[in-house]
Amino acid sequence: MLIEITPEPLAPAPFLQHVRRDDSGALVLFLGVVRNNNLGRRVLYLEYDAYPEMAKRKLWEVGEEALARWPITDVAIAHRTGRLEIGETALLVAVSSPHRHDAFSACHHIVNRIKEVVPIWKKEVWEGGETWIEGEPVTEK
Amino acid sequence: MKARVKFFAALREMMGTRELNLEVADGQTVSGLYRELCARFPRLGDYNSTLLYSVNAEYVSPDHTLRDGDEVAFIPPVSGGSGAH
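Protein chains in written order, with numbering that gives the first Met the number 0: chain R, 0 to 140; chain W, 0 to 84.
So that you can see chain W by itself, here it is in the shape it has in the complex (with noise of 0.2 angstroms):
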C-alpha cells in the first residue's frame, strides 16, 4: 500500500523536501514507518524523542496503524505566535 509523508520546519529542511510517497508494508504502524525512514534518513532520528504523530492531518498515537492512501506527517514540536512562550 501507499502512504505520503508531509515534512514541515526543520524536518523539511533536512529532507530536502515537503513530501515523500512511499510505500508501506500492510499492518505497518506510523512510529515503524518514521524507523523504516530513519534508517534511510539517519537525520531524521534526531528528533525521535520529540516527535508526534499525525495521519490525515490528525495527532495520533505511535502505535496506530496505516491504512492505503494515508497521509502522514511528524511534527516537531510546534512554536507558532510571537514568543516563545
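Chain R with its partners taken away, still in its complex shape (with noise of 0.2 angstroms):
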C-alpha cells in the first residue's frame, strides 16, 4: 500500500506502477478533481487544509479496511494540499485486482470513506467571498 498527503502537484503514473500486478486484471484509478463551480458559485481555487499524522494514519485504514473486505491486490492513495487551481488533482485513489467488479467496488467504498474520516478541510474561495467547507458531521468512526 501507498499513502500520501502532498503538497506536490499529483501525478498518476508512480500510484498506477506500484499497485500494478502481473495477476491483476483491472486497475482503476480515481482523481477528484478541482470543479470551477459549486452550488451557483463560480469557483476561483481551493485552499486544503490537512492533520497530516493523523490523515495519513486514516488513509492507512481505509485502505485496510478496503483489502480486507474485497479480494483487490493492491491500494495507493494520495491526497494534496495547500492552494489548488481549478482542474488540478486533489484526491488520487489507484486501486488493482484480478476482476473490474472489486476494484470499481473497493474504489468507490475507499473515496466515500475518505470523505468520511480523514481529517482534511478544503476551502472554496469564490468571487467576493470564501469559506471552509464542511462535510456531515461524523457518527460512526
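Read the hints as simulated data drawn from the structure, not as lab findings.
Glycine is no exception: its CB is placed at the ideal position from the N, C-alpha and C atoms.
One or more of the hints may lead you astray.
As the list claims (entries may be wrong) - Just a few of them, taken from the derived set where beta-carbon distance is under 7 angstroms, the chain R residues facing chain W:
#, residue
1, P8
2, Y50
3, E52
4, R56
5, L90
6, K114
7, V117
Two chains, two frames, some hints: make the complex.
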C-alpha cells in the first residue's frame, strides 16, 4: 500500500505503477479534481488543510479496510494540500484486483470513507468570498 | 501537566494559530479541555455540536482522560476530496 499527503502536484504514474501486478487484470484510478463551480458560485480556487500525521494514519486504515473486504491486490491513496487551481487533482485513489468489479467497488468505498473520516478540509474561494466546507458530522468512526 | 492543542481549517483561522501549549489539570477530559477553551475563546463554542476529538492523532470519545504531553485536536466535519459529497 502507498499513502501520501503532499503539497506537490499529484501525477498518477507512480501510483499506478505501485499497485499494478501481473496477476491483476483490473486497475481502477479515481481522480478528484477541482471544479470551477459549486452551489451556483464560480469557484476561483480551493485551499486544503490537513492534520497530516492523523490523515496518513486514517488513509492507511481506509486502505486496510478495503483490502480486508474485497479480493483486491493493492491500494494507493494520495491527497494534496495547500492551494489548488481549477482542474488540479486533489485526491487520487488507485486499486488493482484480478477482476474489475472488485476494483470499482473498493475504489468507490475508499473515496466515500475518505470524505467521512480523514482529517482534511477544503476552503472554497469564489469571487467575493470564501468559506470552509464542512462535510456531514461523523457519528461512526 | 501539559497538552499541545492543534487547530485546523476554520478553527485555525478563528484562533489565529495552529497550536497552543496549555497547562491542564490532572484528570481533565478532552471535552473538559474544550469547554475550558470555549470560556477563553467564546467563538470556539459555535462548533460545539459538530466537533470530534482526537488525542495523539486518534479519534477518542469526549470523556477521554488526558495525560501529560498529549497532542489534542478538535476536528471539524472533514471535507477532503474534490466534490461536496
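Hint check: 7 angstroms Cβ-Cβ cutoff, P8 (chain R) to chain W: This interface hint is violated because 14 angstroms lies over the 7 angstroms limit.
Agreement of hint K114 (chain R) with chain W interface, Cβ distance less than 7 angstroms: 5 angstroms, holds
Given hint Y50 (chain R) near chain W, where the shortest CB pair must fall under 7 angstroms: 6 angstroms, holds
Closest C-beta approach of R56 (chain R) to chain W relative to 7 angstroms, hint status: With Cβ-Cβ at 6 angstroms, under 7 angstroms, it holds.
Hinted contact V117 (chain R) with chain W - closest CB pair below 7 angstroms: 5 angstroms, holds
Given hint E52 (chain R) near chain W, where the shortest CB pair must fall under 7 angstroms: Since the shortest Cβ distance to chain W is 5 angstroms, the answer is holds.
Interface restraint verdict for L90 (chain R) against chain W (beta-carbon cut-off 7 angstroms): 5 angstroms, holds
The structure fails to meet hint 1 from the earlier list, while all remaining hints are met.
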